[in-house]
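Protein sequences appear in the order of chains A and B.
Note that this note's numbering has the first sequence beginning at 18, numbered continuously upward.
Note that this note's numbering has the second sequence beginning at 81, numbered continuously upward.
Each hint should be verified, as a subset may be incorrect.
[Stated by the list, open to error] Under the rule of at most 25 Å between Cα atoms (straight-line distance), these lysine-lysine pairs were calculated in the DSS-like manner:
id, chain 1, residue 1, chain 2, residue 2
1, A, Lys34, A, Lys131
2, B, Lys161, A, Lys262
3, A, Lys262, B, Lys339
4, B, Lys376, B, Lys149
5, B, Lys339, B, Lys149
6, B, Lys427, B, Lys124
[What the hints assert, rightly or not] Here's a subset of chain B near chain A, in silico, CB distances under 8 Å, partners left out:
id, residue
7, Arg141
8, Ala163
9, Ile312
In case anyone wonders, no lab produced these hints; they're calculated from the structure.
C-beta: ideal position from N, C-alpha, C; glycine also.
As a plain string of letters, each chain reads:
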Amino acid sequence: MNEAPVKQRSLVREIWKNRAGYLFVIPHFALFVVFFLVPVAWGMYLSLFDYNVFSRTFIGLENYKTIFGDWLFLRALRNTFFYTFGVVPLWLGKALLVTVLIYPFRKSIRTFFKAAFYLPHVTSTVIISMIWLWVFNPNFGLLNFAMRTLGLEPVIWLGRTATAMPSLIIMQVIMGGGSTIVLLSAAMSSIPEYYFEAATIEGANSWTIFRKITIPLLKPTILYAMVMGTIANFQTFSNIYIMTKGGPQFSTTTIAFLVYETAFVDYDLGLASAMSMVMFAILVVLGLVQFKWLGSNVEY
Amino acid sequence: MKRFGVILLVLVMLMIPISAMAKITITWWINPWRIAPPGFPSDKAPTEEDFPKWAAEEFMRQNPGVEVKYVVVGNSEYSQKMAAAIATGTQPDIFKGPVWDNRWVGAGLLEPIDDYLTQEEIDDFYEIALESGYVNGKHYIWPWNLGTNGMGTTMLLYTPDFERAGVDWQKIVNEGWTMEEFVEIAKKLTWDSNGDGTIDHYAISFGAKDTHNILNFLYAFGGELTNEDETIVTFNTPQAVAGLQFVIDLVEKHKVAPKGVEAMGIYDVIGNFHAHRTSIGFGGPYEIGRITRYVKSGQLAEEFYPVIAPFPHIEGQNGASYTSASGFVVFRQKDAEKRDMVMKFAKFLTNKENTALLESLIYLTARKSVNELLFQNDEYLNEQAQTFARVMDETGRDFFGSQSFPWAQIDKFFVSALEGAFSLTQTPQLALDGFVLEANRVLQRIR
């Protein structure tokens with residue numbers, strides 16, 4: 018007897034059995050297909066064309082050859098990695114630190130701090146960038162005012178290749194992490210209190226408790242925050258567009274910004290699609306690596 | 081069967097008046113122009129919606145069979161919106177953006193307007209205005225305004241500072257100033273306001289991301305962007321390098337402009353001038369209008385009245401000022417009746433009465449006959465407009481090559497060169513060499 022039809026029948030039966038669940042999933046899945054899978058597939062397709070809005074010619078992998086031979090794309094790739102791996106660890110570190118520091122307080126105080134840190138998350142990036150532009154202003158900015166008050170030489174934060182990207186990273190770390198704090202706080206609240214009590218009775222100090230209990234039990238949430246943070250920061254655009262336009266001397270040009278310029282200034286949609294596909298592939302690999310590295314199951 | 085026939089007949093009869101009544105829909109995209117339409121209260125600052133809303137409604141009133149749908153498209157978002165529209169075949173029927181793209185002509189997306197231009201209009205529009213849309217022997221722009229919002233055209237002098245420094249600003253307005261005179265005057269306009277030993281008031285300021293003003297100096301020193309047939313970018317000649325070196329010296333050697341040029345853009349420069357942290361600003365009449373507008377909208381506390389003056393020039397040579405014009409382009413129409421109506425709408429927007437509305441924005445128009453009548457009731461503005469027109473006439477030139485030159489694609493390399501030069505990580509020569517190398521690569525790839 019052939020096994021395939023049997024398997025097929027059981028699959029259909031299984032789907033029919035759980036039809037209510039599938040019905041609930043269908044609307045979301047349909048939107049996911051239309052607004053994510055189709056554009057990704059379309060992007061892959063376009064990346065094989067010399068497509069400048071006005072005409073479309075199939076050129077195979079030529080766009081990929083071009084971008085990997087283009088110093089500006091390689092610079093953008095380097096900048097994007099630098100930005101992402103500058104922001105994500107500091108961002109997570111900050112979120113973890115704040116979560117641990119506010120954890121011992123009573124609920125109302127914890128809620129106040131969580132709300133305070135979450136507030137920038139619901140503020141427009143454009144507004145935040147405009148405020149920070151003033152903070153970093155070389156002549157009349159808050160930061161250089163503080164430098165002068167301390168007797169230090171003012172710094173042209175966003176105008177020098179050495180300081181522009183670190184300035185953007187610092188801004189992002191200070192303003193970001195609100196949602197991660199909320200997530201980590203929720204995760205921390207679900208750790209049974211007696212783990213900490215038992216460790217304290219056994220004589221473990223705060224650092225040991227943090228290292229041996231808190232961090233391992235927060236691992237799934239940290240993994241989630243890390244993956245999502247990496248994806249979000251790898252695609253950073255708004256703050257670059259508003260604050261530096263990729264300068265000075267392309268030192269803050271990220272891949273997302275370069276994709277924008279290539280697509281909407283140069284009208285080279287084929288090349289821009291190829292760049293997007295490279296970014297997509299890198300993010301998939303990074304996500305897999307992170308899951309592999311931190312993906313162990315935690316049960317408590 | 082008989083009943084079916086009757087129903088069909090009734091449906092057909094109903095369809096006829098519906099199709100006869102079908103309106104022609106015109107989609108109009110325009111970037112933000114805060115023009116006061118007729119009857120607008122004089123104590124209020126118009127918004128970007130007021131003019132297109134009025135123009136659409138007025139045209140529909142005059143042409144009941146037409147529906148005009150306007151969309152205000154931001155200056156920074158229009159290019160991606162247009163790229164997406166062209167890619168999906170949903171471009172507007174008529175468009176006015178900060179710039180237009182001559183590649184639209186090459187792709188057959190635009191309608192030439194030659195058949196609709198009358199001799200009277202050709203005579204009335206400035207030649208430069210018509211030329212701004214002239215590609216491959218045909219005109220594609222319905223001219224509307226003359227000059228950009230002013231950057232790179234002329235300078236604005238805050239006269240109280242000049243008087244405090246004992247400088248005769250009227251002489252500058254009437255006779256111009258050489259580069260040497262400019263430096264000496266700029267030194268007098270740079271001071272320590274609060275006596276704490278630190279300079280906090282400068283003559284002028286620059287932003288590397290604002291290329292127009294800096295380009296002016298490169299041209300004034302004799303630099304040229306390209307060779308005559310625009311096949312090679314040549315902006316690294318000794319003249320161009322000397323122009324860039326001059327601006328850097330204003331910051332580093334003469335210290336008459338604040339440092340940090342590499343991190344600043346045009347709005348920082350405008351902000352410095354509005355806050356009287358600098359005595360010299362940039363721009364034409366529109367920039368004077370910006371002051372009034374900012375006061376009305378509460379962005380600026382107090383109105384002030386700068387005067388327009390030319391950029392400095394090399395002794396014995398002409399200076400430079402950025403001259404350009406822009407207007408409305410009409411996208412390709414399949415239906416002849418609709419094409420005629422879109423052209424009629426373009427003519428309506430650019431007729432004498434409606435072009436004159438640019439006066440509320442303190443802009444010069446693309447029509448000679450309208451400009452003669454502007455600012456008749458305001459001696460100050462009339463004087464500034466006349467100075468502006470005179471400077472443009474004497475020293476006006478294009479800064480970014482012809483309509484087919486791909487400045488948009490090489491602009492980022494020029495900004496990068498300026499950033500390198502002003503941050504002193506590159507010499508002006510090295511910075512401009514780098515720009516020329518990259519710009520020629522782009523040119524080669526495109527052509």
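Comparing the hints with the structure gives:
no., hint, in the structure
1, A:Lys34 with A:Lys131, "violated (43 Å)"
2, B:Lys161 with A:Lys262, "holds (19 Å)"
3, A:Lys262 with B:Lys339, "holds (19 Å)"
4, B:Lys376 with B:Lys149, "violated (29 Å)"
5, B:Lys339 with B:Lys149, "violated (47 Å)"
6, B:Lys427 with B:Lys124, "violated (28 Å)"
7, Arg141, "violated (36 Å)"
8, Ala163, "holds (5 Å)"
9, Ile312, "violated (20 Å)"
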